[in-house]
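Taken in sequence, the protein lines are chains W and E.
Going by this note's numbering, the residue at position 287 of the first sequence is 287; the numbering climbs one at a time, nothing skipped.
Going by this note's numbering, the residue at position 1090 of the second sequence is 1090; the numbering climbs one at a time, nothing skipped.
Take every hint as true, because none was put in to throw you off.
Taking lysine-lysine and the BS3-like style, the derived pairs with C-alpha atoms no more than 25 Å apart in a straight line are: (1) W/K68 / W/K81; (2) W/K66 / W/K127; (3) W/K79 / E/K936; (4) W/K68 / E/K1067.
For the record, the hints were derived by calculation from the structure and aren't laboratory data.
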Amino acid sequence: MALWVDKHRPTNLDKLDYHTDLSAHLKKLCASGDFPHMLVFGPPGAGKKTRVVAILRELFGPGAEKIKIDQRIFETPSKRKLELNIVSSNYHLEVNPSDVGNYDRVVIQDLLKEVAQTQQVDAAAQKRFKVVVIHEADLLTRDAQAGLRRTMEKYMGNLRIIMCCNTTSKIIGPIQSRCLLVRVGAPTHSEMVKVMHKVVKKEHCGPLPENFAFRLAEESGRNLRRALLMLETAKVQSHPFKEDQEIPRMDWEDFIRTVRVQILKTQTPESLQAVRGQMYELINHCIDPAAILKTLAKELIDRVEGNEIKMKFAQEAAFYEHRLRTGQKAIFHLEAFVAKIMSVYKRHLMSMEM
Amino acid sequence: MATNDNECMSQDIGSDELSGYPLSGATLVPNSLTPAPTSQASRKSRIIMDSDDEMEDEIIARDEDDFLNMPSGSQSLEMNFGRDFANTTSDSSRPTRPGTSSTTSNNQDTRIPTNLAPLGSNASAQGQKNPLTSAQDNDDLFGDDFFAQFGDDGELEFEENQNKKPLFSRRIPLLEASDDSPHGPDNDDLGLEMLSISQTHRTKSGAPPITEMTRSSHTVSSSTTITSSIPSRISSFGRSSTSAGQGSFKSLAQSQHEEELYEMSARQQDAVLEDMIREDEMLRDEEAGLQDLLDAQFYEQEMMLKQQFQTSDTNKRKGPGAVPTTFTDTNDTSQTLAEYDQFLEESALINNSALENALEASKRSRLQRPAPSSKSGLSTKAKGPEVKKYDYTLPPATGSFIKARSSSGTTFYLAKKVRTDQSKNSFMQQLMASDKGASLLTVPIHRMIDELELEIRNQKQEELQRLMEEDDDIIGLDEDPTSSSNERLWVDKYRPKKYTDLMGDERVNREVLSWIKEWDQCVFGRKFSKFTPEHKKQQFKEFRKPDALGRPDRKVLLLTGPPGLGKTTMAHVIARQAGYNVVEVNASDDRTGASIKGKIEAALEIQSILGSDKPNMLVIDEIDGVSSSGGEQSFIKLLVDIATVEVASGEDKSKGTGGSRKNKKFTKKPLMRPIICICNDQYAPVLRPLRTIAQIYQFKKPSVRTVVNRLQQICEIEQVPSDTRAFGVLYEMTEGDMRSCLNTLQFIKNKSRTSAKLASTQSSSHKPETNIGGSGGGLTIEALTRSTIGRKDQNKSLFSVWEEIFQATYARKTRSALKVMEEGREGLVKDDNNAYVSRIVSIIQTNGDYDKLVQGCFENYPAMIFHDVAMSKVVENTEWLAFYDQLNFKVSANFEYEVGGYMAYALASFHRFFAGSVRQKIEYPRKDYESFVAHKANESILQGMTLNLPAKIQRHFRKSNFATELLSPFLRILSPFLRPVNKQLIKADEREVLKRLVDIMIHFQLTFVQEKTEDGQFLYRLEPSIEKLGDFSTIGLKNVLTNRYAVRQLIAQEIELELVRRSEAVKEAKVGAFFGKAAQDASLETAASASVPGDTEMAMKEATDFFGRTIVVQDKSKAGGASLSLEMDRPMKKTRIWYKFNEGFSNAVKAKVFINELL
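Chain W on its own, in the form it takes in the complex (with noise of 0.2 Å):
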């Protein structure tokens, strides 16, 4: 018995809670003769993994649900050994290159080549071709892009690819041309909402008050997937919802308001110093920088007050999460953020007190 959010998951387009027309899209897609490439994209828990894998069942019928693991070692040219778990079933292969860092190149070369060169003999099979799935391609390297630029032409009778990512920006034009680009926006809160009943009702687990619902949904960002586990955390947590219901946050969120305290508090290197600290704390807990930046941002911008000051924080989010992205020492970005905003905050206060 797994999670909610595993156990209620839609295992074809049919199923989809929303976007309906895309899934109808994507179904007359796989009943077609030639299936693209295709790019998918879109925030976090809106539904990207779940609908690809819904096009997979599509095209290649239950036996691409006969998943299983395998541990894949590939070997750089520097005779580097590099493990790497690959999701597969006997129509497709699932990777996750960005898992060996900068061998991702490696990874893309070996893998593709090798089922782009086998062929599929059974004349009975549906579809003549393999499905590639590459996890969070927005972290493939230039490299790695590059290397699958030409592949993806050279082996299309043997072979599609279907690219998850969360942004298109930092995949290389060429590549996106070559995909049909997916875009599989976060659900609305009504639609969350609709979702969430739904699985309560299959859970038999009383009523779920309308406004919590809401609130749940409202919460998690739209992300459906975060969504779902806070409602069943709730549900653990107490059993009957309330309409009051406290709802139950992430602990590095939690955290994260007490940096955001601090900061607010005193504008001071010392304060720096402290925020630093914690900074170190949220990176050691395998939180990612850019999420960290983010949700500091939110935090912030909820917190102040006036309209320009939270114009001026939105602004440097972006700039150094900006910044985070073009270098590799996520500390000394998350820090000159806290610095600028503490700078921009102080100057702010001064100019309230004159």
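Knowing the structure of chain W, use the given hints to seat chain E on it.
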């Protein structure tokens, strides 16, 4: 010239003495043979043969030199006598001189039989007179030689004789000395040997000239030959003396011919010098007590002198005729009157010739260089020895002396002494006389002698001093800059020898010394009382636990600091000062733990018997270079163990980590000797364990003033022209490194000297000293800038770079001093405001460890004191950091090293914004590394977690979003509220909750594992331990995961039961499948769906084979999915159920329980 000759002779004699007696004697024998035949040519060839005969080449060379240099035999003879005289004086230093001439001759006999025999044979072969000589008695054996020679040479070869005379002359004195030596039982052996050696020499080489003497007085025996020659000489003197009247030496001397006088004085000079040298050498060899003996001897001599006066007086009274009587009295009675007459004639003749000779000599400005006839040579030779004695006395007086010498019997004592005394005395007189009569020399000869003497003394003393206390005080030495001292490195030459010479921080010096002194109680058993004010003492008492052995608190001293500040020197100096014997272990030795163990223990516990009786002190130099490998046996570990061994009383200080445990293994003895460790980098990772137990003193560079002062002193001594400004620059260049300063100085000096030498050789002017001071040499700023000596290209340590970055005032100072350099070098005048950039950047670039540097700056800057309005500086700096990070990313990820050059500039911004005038404490950056480690640990937990997830979940929850999205809710889902009650008492709804929890946990392959904590308690831990991942310090895990033991225990049991149940169900399902009925009961379904997701459908669906045909049910092996097959196989075997007995359960009652009851 006189001085030259003197030197020559002294050397000669010295070497003679040095060459071993037997060897020289043996080799010389043939020489004495060869001379016998005799033309000039043959003589010369003989000399050459000498060299062939393996005599010391040097000597021979010198012989030849002398040979050539001294054209006139007579003079050389005279010289010889002078020397003789000197010898006798030197001999006189010996307590007694009892030997008689006869005995001496006997001795000679025995000693030089070879010498004589061949000569004799020669003589018999060649000369008619040989029979005569051979007939002579023992006393005359000596004479044999002479006669033989005489027979050979005859009168014919005067010139040849002259040529040979130098040789002879040199040896004569030796003979005389040797004559004495055998008889003086009290003589020290050394002198005796020397003399005897010289005697042999003399006898051989000296033979030919003497023959001539014998010729002049044919019938006289050998002993008398000498004496006869002397009388002849005496007679000449006698004449002059008679003319002058009689009486005191002075008057006599004055009455003599001036020329002669000069000759004498010259000879005497030689003799005196020789004497001096000999004395000097002997002084070195012998004890100072000799001096006393000398004094006594002088007294004796004085007495003798008086006696001699009397005898001479009587002689005079008797007139010439009386002389023989005295002769006969004192000497051989065998002498006949006829002989005497002949002798008189002869002597008169000789006297004349001597006069002529003297005149000739006077014509030549050089005393040594007259070229008299052989006869005159003879006479002068005869004169020579006498000269000293008889210069001023009448012939009779001298005669008596001589006789005394050659005779045997009771009288000889007196006579001989008289002679020596006389000679000594007469010499003094002569000196005075010569002083008055010195008209030919601009400087009176005795003054020259004095000067020479002084010079020689000084030289010797200097040499001695250098030898004995090679490392004397720095300033104390004044050495010739061109002398051999150059070969020593100045660093060694001017190394401090005493505590007071130490430079650097007084306080550190003092404290180190007092630390060592604190060992006194332990090592020397005496109390060292450090002066402390009373009130402080009280405080100390409270703080300090007295060591049972009276050792200092910290047993190991660690001196740290950059190179060239004198750490090693200081350790050695202080150790010496405190009375220790330093045992040094440095990087040149093998320093792995195993190999060093014995060495250290030996040094610390064993007292050397042979060496000094000082206790050992261990100095471990360059300890930061020690290898850290070896684990338990590593060097540092060993050291720490040794240092932390406690006194047996068990006073527990619990210092150091493995101390107590390790002790049992090898040493139980506490450390009894001080250990000083020296390193450059006290933060070297290997030193970490040592740092905690060691007393650490940090060396700072000495102030500019002290360094400059010291350098100036050295430059003065070394005569390097210099200016103070250059010292300042040098100091800056070397960063206070004294060693480097000195090396640079020496380098500059040597450079200037070689160039000067080159110049001088080109201009053929042989005075390099003048050039040193000239244009080329000297320490000037130009010299520093022009020369290739650069700044120390030293890899500055991280800390010093950080200090540079965060220190403003210091930086400014440096800049001002170095600006001179920069200007000199590049001709660039830098803008003051921007100067720091290039400087800081160059410092950073020489270090090169950007990552660490940035991290250090990053972690330290918020702690710095700086003024900042609204954090603008910080913000601006973060821009630079971001810039750095971007560059770094390019370099490390994209390998675009081109941009790496700019990375240092990002660091310079720290200096710009945060540099303070105050020295600020900089800590080593650890946070980043700690964070890295923590991150890695958490990541591995995540990895473990996600990799174990079933494929379906793994597809959706990856490492990337597990922590951010899944973890928090998941942990809460895992922690529903459950009462800690017995399983039987759980209510239905609770059971429901529990069931679901167990489901989920099994699904995610989580379980609770029992563990025993350090304090003995049991607890259940979630495995994999994702708890940690969600645990934030300030908020903690609120309401998450009931931590109660009972609940977790319940859950854990439930999980196990469920697992058992499921495997059972699978088995049943399998069995059902085996019998052809598709077992569709609920348990199978749950098991299948839970453990192998997606398999439910598989089971439902008709299985098809490869070609799509349905498979007969019996073909069960086909049915399983990859992961199912394992579980499917297992039930087919005879299943055994294992009941796991858990620790902590009661086993009081043993009863048979069936698994069904449990389920």
